[in-house]
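Asker: Sequence:
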Amino acid sequence: MAHAQQQMNGRVEPPARPSFSVVWTKPFVLTLCLVLALATASLFTGVYELRSAANDFDMFWITRVPRTLALMLTGAAMAMAGLVMQLITQNRLVEPTTTGTIEWAGLGLLAVYLLIPAPSLMMRMTGAILFAFIGTMVFFWFLRSVRLRSSLIVPIIGLMLGAVISAISTFLGLFFRASQAIEGWFVGSFASVQIGRYEYLWIIIGVTVCIFFLASRLTLVGLGEDIATSLGVNYNRLMLIATGLIALSVGVVATVIGNLPFLGLIVPNIVSMFRGDDLRSNLPWVCLIGMATILISDLISRTIIRPFELPVSLILGTVGAAVFIIILLRRRKTGGVR
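Oh and the sequence shown: position 120 is 120 in this note's numbering, straight run, nothing missing.
To be clear, the hints were calculated from the coordinates, so they are not data collected in a lab. Among the hints, erroneous ones may be present.
[As the list claims (entries may be wrong)] Ranges between beta-carbon positions, derived for each pair:
no.	residue 1	residue 2	range
1	L36	R306	36 to 44 Å
2	R177	D226	28 to 36 Å
3	Y48	W141	48 to 56 Å
4	L36	P307	23 to 31 Å
5	G224	P307	51 to 59 Å
Where a beta carbon is used, it is the ideal one built from N, C-alpha and C, also for glycine.
Build the full structure now, drawing on both the sequences and the hints.
Answerer: Take a look at the structure:
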């Protein structure tokens, strides 16, 4: 009745945002329960067994709990960064690994080590975020400069940029004998996570909230500059904000954990296959599936050659490369559509 009266008066209100009942569906609750079960399994998986001794209880809170929380926050961050990048580029093969963003973050870490003796975690994180922002902007600038923007050309450009930046980082590390400073970054691992070394990852919650409230505008940005501008969106400002949020997520993860390849590629593609491309309604799903993916990868890395531990990046890299090839083959069969 009210809506009809608004139309008669010549005023049309925007559609209401999705209610919480739309998000809290039975599949979503089941997925949430799966993530909680995986988190519980992560808490009780490790080299040492938990007993009733006080020292074991202390170790549980010092290492196990921070590691599990870091896994969940990191999974949500990288999956979310991939979702936003795929949305604003309208390409399902784009994510921090295939755009060179993660390599730029590594170069930022190396630059901080070269310029500042014994830098703090905040200094390293600032350098990683700044360089990740610059690298993502360079990637978008290349996209604007290239006329042929097929679904395959875009990630190829990003992979080439990443290879160049990785080569520069390796050269500088060897030349200045600082390669040991970033060796841990090249192999993303949660083995060293403990209290006092992961708390910056909580920034990711703020990034998630920002992306949720900007979802509608970011969706318009993904339609292209001309359409977004005609609909009243400040395209350049939204691109800067989106790039800043991506760089913040990637920079924090790169500093605390290291390189986690293809997580932003796997999760958004899985979610979009079942739910379409709506950013706001997909964001909770992407965060949950990202958590589940990295929790499973971490459990595999800790148990496959027990008592030793594989870096999580090896598991993610193997699975991610397979998913990347599958997506390419599917695009070839469907004519390469988006």
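Asker: Decide, hint by hint, whether the structure agrees.
Answerer: These are the hints, each one checked on the structure:
Taking the beta carbon of each, L36 and R306 are about 24 Å apart, not inside 36 to 44 Å as hinted. The given range of 28 to 36 Å is broken by R177 and D226, whose C-beta atoms sit roughly 50 Å from each other. Take Y48 and W141: their Cβ atoms lie about 50 Å apart, and the range 48 to 56 Å holds. A hinted range of 23 to 31 Å for the beta carbons of L36 and P307 is consistent with their spacing of about 26 Å.
Remark: the range hint 51 to 59 Å for G224 to P307 is upheld by a beta-carbon distance near 53 Å.
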